[in-house]
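Student: Use these hints to put chain B onto chain A, whose structure you have.
Top to bottom, those sequences are chains A and B. Under this note's numbering, the first residue of the first sequence carries the number 1, and numbering increases by one thereafter. Under this note's numbering, the first residue of the second sequence carries the number 77, and numbering increases by one thereafter.
Keep in mind that the hints were calculated from the coordinates and are not lab data. These numbers were taken from a predicted model, which means no experiment stands behind them. Every residue gets a Cβ at the ideal spot worked out from N, C-alpha and C, and that includes glycine. Each hint should be verified, as a subset may be incorrect.
[What the hints assert, rightly or not] Facing chain A, from chain B, some residues (calculated, C-beta under 7 Å):
hint : residue
1    : V103
2    : V106
3    : S107
4    : E108
5    : S148
6    : Q156
7    : L160
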Amino acid sequence: MSQRTKIDARGAFCPGPLMELIAGLKLVNIGDEIEVLSSDKGSANDIPEWVKKVHHELVGITQHDGVWSIVVRKAK
Amino acid sequence: MAAVPLYILLCSGEHEKIHMAAMMASVGAVSERPVEVFVSMNAIMAFARQKPDTNRYRGGAFSDLMKQKNVSDSITLFRQGRELGDLKIWACSMALDVTGWDEDRLESDLFDGALGLTKFLSDAEGGQFITL
Numbered sequence: 001m002s003q004r005t006k007i008d009a010r011g012a013f014c015p016g017p018l019m020e021l022i023a024g025l026k027l028v029n030i031g032d033e034i035e036v037l038s039s040d041k042g043s044a045n046d047i048p049e050w051v052k053k054v055h056h057e058l059v060g061i062t063q064h065d066g067v068w069s070i071v072v073r074k075a076k
Numbered sequence: 077m078a079a080v081p082l083y084i085l086l087c088s089g090e091h092e093k094i095h096m097a098a099m100m101a102s103v104g105a106v107s108e109r110p111v112e113v114f115v116s117m118n119a120i121m122a123f124a125r126q127k128p129d130t131n132r133y134r135g136g137a138f139s140d141l142m143k144q145k146n147v148s149d150s151i152t153l154f155r156q157g158r159e160l161g162d163l164k165i166w167a168c169s170m171a172l173d174v175t176g177w178d179e180d181r182l183e184s185d186l187f188d189g190a191l192g193l194t195k196f197l198s199d200a201e202g203g204q205f206i207t208l
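With the rest of the complex left out, here is chain A:
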């Protein structure tokens, strides 16, 4: 059964949230999801771009009060 892990990267500037996501993906199983919380607007654009490039899956992205929630599923 897939699991979801949350990474709180609020306050970190680009590329901090992306690097935290990648480190997190190394620790989970294929099919598991990671939710990254980020206050960095650039990362809200960059993380989906990275996910597309390296062929993971973007589950969803939402924004509330200046904080983005980006959910990524490990696909490989």
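Tutor: Okay, now just chain B, sitting in the frame of chain A:
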């Protein structure tokens, strides 16, 4: 299609340029793109082992802003690139000769070794080359 390797020649000792090199190197490396960094000239000074953070980086107004806002440390970013991606970092052998440093004077577990410019340029043929 395999990604074109990225070669970064880092010469400047300015904080802003060192950090830009760290950002490009780490993001490139974790994006399935081989990256090699060649550290020479003034840049080598910022990589001295156990140098206090307060005087490791010298720069202008943007450097001050990065320090005030606790932007991640440039060397930490290089380390993340190495841990998470395909990133190699070389110390210029000429810079080591001029400073009189051996590799033990550089940040530990960060460099792949010392390298001459001729070898780096030869390796970089066919890749994308950026100088900072």
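Student: Determine for every hint whether it applies to the structure shown.
Tutor: Verification of the supplied hints:
1. V103: holds, 5 Å
2. V106: Holds. Min distance 5 Å.
3. S107: holds, 6 Å
4. E108: Hint on B/E108: holds, closest Cβ of chain A at ~6 Å, below 7 Å.
5. S148: Since chain A brings a Cβ to about 5 Å from B/S148, closer than 7 Å, the hint holds.
6. Q156: At 5 Å from the nearest chain A Cβ, B/Q156 passes the 7 Å test, so the hint holds.
7. L160: Cβ of B/L160 sits 5 Å from chain A, so the hint holds.
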